[in-house]
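Protein chains in written order, with the numbering used here: chain U, 1 to 332; chain G, 1 to 332.
Among these hints, one or two may not hold up.
[Said to hold, decoys possible] Mimicking BS3-like on lysine-lysine, the simulated pairs with C-alpha atoms at most 30 Å apart in a straight line are:
id, chain 1, residue 1, chain 2, residue 2
1, U, Lys-233, G, Lys-215
2, G, Lys-138, U, Lys-270
3, G, Lys-233, U, Lys-138
4, G, Lys-270, U, Lys-215
5, G, Lys-233, G, Lys-101
[Said to hold, decoys possible] Beyond 10 Å from chain G on every Cβ pair, some chain U residues (computed):
id, residue
6, Pro-46
7, Ile-132
8, Tyr-169
9, Arg-189
10, Glu-201
11, Thr-211
12, Tyr-212
13, Asn-305
[Said to hold, decoys possible] Here are a few chain G residues that sit away from chain U, every Cβ distance over 12 Å (derived from the structure):
id, residue
14, Ala-86
15, Gln-108
16, Glu-210
If you are wondering where the hints come from, they were derived from the structure by calculation, not from laboratory data. These numbers come from a predicted model, not from an experiment. Note that CB positions come from ideal geometry on N, CA and C, so glycine has one too.
There are 2 protein chains.
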Amino acid sequence: MRILLFFSWFLIIEIGVASANDELPSWRRGAIKQDLTAFVRAIETPNQSLFVPVSERIAVFDNDGTLWAEQPHYVPSLFVYDRIRALSKDHPEWIHELPFKYVLESDQKKLTTLSSDEYTQLLIASQENESIDAFEQKVMDWLSSHRHPEFNQPYIELVYQPMLEVLRYLRHHGFKTYIVSGGARDFMRPWTETVYGIPPEQVIGTSLRETYEVKDGQPNIRSLSELDLMNNKQGKPVGIHAHIGRKPIIGFGNSDGDYEMLQWISSNPKPHRAYIIHHDDAEREWAYDRVSFIGQLNRALDDANRFNWHIVSMKNDWLSIFPKHLSSRAHR
Amino acid sequence: MRILLFFSWFLIIEIGVASANDELPSWRRGAIKQDLTAFVRAIETPNQSLFVPVSERIAVFDNDGTLWAEQPHYVPSLFVYDRIRALSKDHPEWIHELPFKYVLESDQKKLTTLSSDEYTQLLIASQENESIDAFEQKVMDWLSSHRHPEFNQPYIELVYQPMLEVLRYLRHHGFKTYIVSGGARDFMRPWTETVYGIPPEQVIGTSLRETYEVKDGQPNIRSLSELDLMNNKQGKPVGIHAHIGRKPIIGFGNSDGDYEMLQWISSNPKPHRAYIIHHDDAEREWAYDRVSFIGQLNRALDDANRFNWHIVSMKNDWLSIFPKHLSSRAHR
Numbered sequence: 001m002r003i004l005l006f007f008s009w010f011l012i013i014e015i016g017v018a019s020a021n022d023e024l025p026s027w028r029r030g031a032i033k034q035d036l037t038a039f040v041r042a043i044e045t046p047n048q049s050l051f052v053p054v055s056e057r058i059a060v061f062d063n064d065g066t067l068w069a070e071q072p073h074y075v076p077s078l079f080v081y082d083r084i085r086a087l088s089k090d091h092p093e094w095i096h097e098l099p100f101k102y103v104l105e106s107d108q109k110k111l112t113t114l115s116s117d118e119y120t121q122l123l124i125a126s127q128e129n130e131s132i133d134a135f136e137q138k139v140m141d142w143l144s145s146h147r148h149p150e151f152n153q154p155y156i157e158l159v160y161q162p163m164l165e166v167l168r169y170l171r172h173h174g175f176k177t178y179i180v181s182g183g184a185r186d187f188m189r190p191w192t193e194t195v196y197g198i199p200p201e202q203v204i205g206t207s208l209r210e211t212y213e214v215k216d217g218q219p220n221i222r223s224l225s226e227l228d229l230m231n232n233k234q235g236k237p238v239g240i241h242a243h244i245g246r247k248p249i250i251g252f253g254n255s256d257g258d259y260e261m262l263q264w265i266s267s268n269p270k271p272h273r274a275y276i277i278h279h280d281d282a283e284r285e286w287a288y289d290r291v292s293f294i295g296q297l298n299r300a301l302d303d304a305n306r307f308n309w310h311i312v313s314m315k316n317d318w319l320s321i322f323p324k325h326l327s328s329r330a331h332r
Numbered sequence: 001m002r003i004l005l006f007f008s009w010f011l012i013i014e015i016g017v018a019s020a021n022d023e024l025p026s027w028r029r030g031a032i033k034q035d036l037t038a039f040v041r042a043i044e045t046p047n048q049s050l051f052v053p054v055s056e057r058i059a060v061f062d063n064d065g066t067l068w069a070e071q072p073h074y075v076p077s078l079f080v081y082d083r084i085r086a087l088s089k090d091h092p093e094w095i096h097e098l099p100f101k102y103v104l105e106s107d108q109k110k111l112t113t114l115s116s117d118e119y120t121q122l123l124i125a126s127q128e129n130e131s132i133d134a135f136e137q138k139v140m141d142w143l144s145s146h147r148h149p150e151f152n153q154p155y156i157e158l159v160y161q162p163m164l165e166v167l168r169y170l171r172h173h174g175f176k177t178y179i180v181s182g183g184a185r186d187f188m189r190p191w192t193e194t195v196y197g198i199p200p201e202q203v204i205g206t207s208l209r210e211t212y213e214v215k216d217g218q219p220n221i222r223s224l225s226e227l228d229l230m231n232n233k234q235g236k237p238v239g240i241h242a243h244i245g246r247k248p249i250i251g252f253g254n255s256d257g258d259y260e261m262l263q264w265i266s267s268n269p270k271p272h273r274a275y276i277i278h279h280d281d282a283e284r285e286w287a288y289d290r291v292s293f294i295g296q297l298n299r300a301l302d303d304a305n306r307f308n309w310h311i312v313s314m315k316n317d318w319l320s321i322f323p324k325h326l327s328s329r330a331h332r
């Protein structure tokens, strides 16, 4: 009897410990979760062949489609379009000029197929001459006054719960976590620390050149009308090197825009892991990959095996998608 | 008797505690040390008006003349000149071209008065088309094979002991420490972690534009023939904003090249401190300021009072200059 009791207690304690130790509760027990946690245990075990010192534990994350939803429109683009609409009062000529005309006429078809150059033109126009403080205020005002068209929630609520857990988990194990996004750096920095625990100095994004100036004794940084870095595709490893100066050992992306970033990580002679979040859950989120205009995932899917990139199925690997209060899509 | 013994013990313990607590042992007890330590105590005391959360404890440091010696020549420039000499084999035309001619003829007078554009031209030529790994190797080879002309020591030994203590002290109190230098970022990153405890991702410096390319399946970052950022004067706050995204609360500089960086810090509404290292110790280091070609300190000295920038006298505030084994100048 005493032995039986002992075992019961032991079981209860074991279960308690197991659950308390689960730092990724929204991840289904499966190959991905098992491999990631085994990897982290291996790289943090001193004197083992896979050990990686804390200073080299760098993890990078795409934002749109990897940390938060990107359907039916990239959120940073919606902000750019709204800025263009607001600024068009002072630019009556825009109604006749491409690509501004597309925005002012809300030509969705054209807007979803903008070339990189056209998007850059809009981005520059939306931010040029802005001082950093005034622009930050515009970002925060916009985010607090706009909601996702289908979920009817503020955009910053549409973050992926399993990814919030990965961010926290990796930081808890000595990682520095970075955003490496094609979205505008200055659109993300004002809120990433609150939402993701990622401070502004760890946000790498598309940015304009800037200048320092002093007016009436007040120093200021002002955006110029020239692109500094298009932090997408080949631009991602460039941004990573410019800001971090060493190769990450973990990376998460979800589209062909992340191909070069994941390839860069895969060339790290240190132990590393690269992941692709696959949007295959039409029920709880959206299902899209090879033929989507938003977050197209084609080339990276073809080469995932070759590079040993791990495919995360949102449908099968994630027990929940959004933080609890958003468990179902509002419009369905 | 018992009371006397008690007091003796008390004294011994007190002295022991005071000395164990002194995180800046190479700084003379004086106004600067007292103010800095009082400032740090104030900003880390929760619920006090001056409290600054850990995430906003950003400290920035110029490198040449602030963390290590810059006389009789800026070390990053010496490296650039040696690269130009090595590359000149493939550029026979350089002997007729300015500013290359100055380097190849070792025209010291011209080299100490190069314009920013001329220096940029040399910097670009010294690094263009280099892959990041190969370039890092060249930096490390150069540093291990060259010595300071007067101290006859490797350059990385000529770091300032009191500043090593400040870096460690601030980190111990929750600060992130950054280098913000006019020197080339890629010349500093390979060794700053070992020497200063500052990882590559916290090194902001002058940099070239870069490109990502894959050759024979090997991804690589290669420097282009175009300046990305001249991280000096007005470039320093621009570099700080691009990399950090918020104003530092502590900064150390030593020359007019740091003016705008210190001005930027002084405009921080949060509690802050800005320091100028004044080279006034001809005996142990060098004495120079207003009329020097290297590390000229003129405008910043004029305005120090107005901005409440604290002047650190190397002669009076520092008990030692270099780490112990370098207590005297070898050539004297």
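Status of the hints after comparison with the structure:
Proposed proximity of U/Lys-233 and G/Lys-215 is supported: the alpha carbons are some 17 Å apart, at most 30 Å. A hinted pair counts as satisfied when its Cα atoms are at most 30 Å apart, and G/Lys-138 with U/Lys-270 qualifies at roughly 22 Å. For the given pair, G/Lys-233 sits about 29 Å from U/Lys-138 by alpha-carbon distance, which is consistent with the 30 Å threshold. Our distance criterion of 30 Å between C-alpha atoms is met by G/Lys-270 and U/Lys-215, whose separation comes to about 20 Å.
In summary, the hint linking G/Lys-233 to G/Lys-101 is supported, as the alpha carbons are separated by about 27 Å, within the 30 Å threshold. Here U/Pro-46 stays apart from chain G, with its beta-carbon at least about 19 Å from theirs, past the 10 Å limit. For U/Ile-132, the shortest C-beta to C-beta distance to chain G comes to about 6 Å, within the 10 Å cut-off, and the non-interface label is violated. The Cβ of U/Tyr-169 lies farther than 10 Å from every Cβ of chain G, with a closest approach of about 20 Å, so its non-interface assignment holds.
Residue placement check: U/Arg-189 does not keep its beta carbon more than 10 Å from all beta carbons of chain G (closest about 5 Å). Annotated as non-interface, U/Glu-201 brings its C-beta within 10 Å of a C-beta of chain G; the closest such distance is 5 Å. Consistency note on U/Thr-211: stated as away from chain G, yet its beta-carbon is not over 10 Å from all of that chain's, at 7 Å minimum. Not every CB of chain G is more than 10 Å from the CB of U/Tyr-212 (nearest about 4 Å), against its label as outside the interface.
Distance check on U/Asn-305: its Cβ is at least 15 Å (rounded) from any Cβ of chain G, clearing the 10 Å threshold; non-interface status holds. Every C-beta of chain U lies more than 12 Å from that of G/Ala-86, the closest at about 24 Å, which supports listing it as non-interface. Against the 12 Å criterion, G/Gln-108 stays outside the reach of chain U, whose nearest CB is about 32 Å from its own CB. Listed as outside the interface, G/Glu-210 is inconsistent with that label: its C-beta sits roughly 5 Å from the nearest C-beta of chain U, within the 12 Å cut-off.
Consistency note: the structure conflicts with the earlier hints numbered 7, 9, 10, 11, 12, 16.
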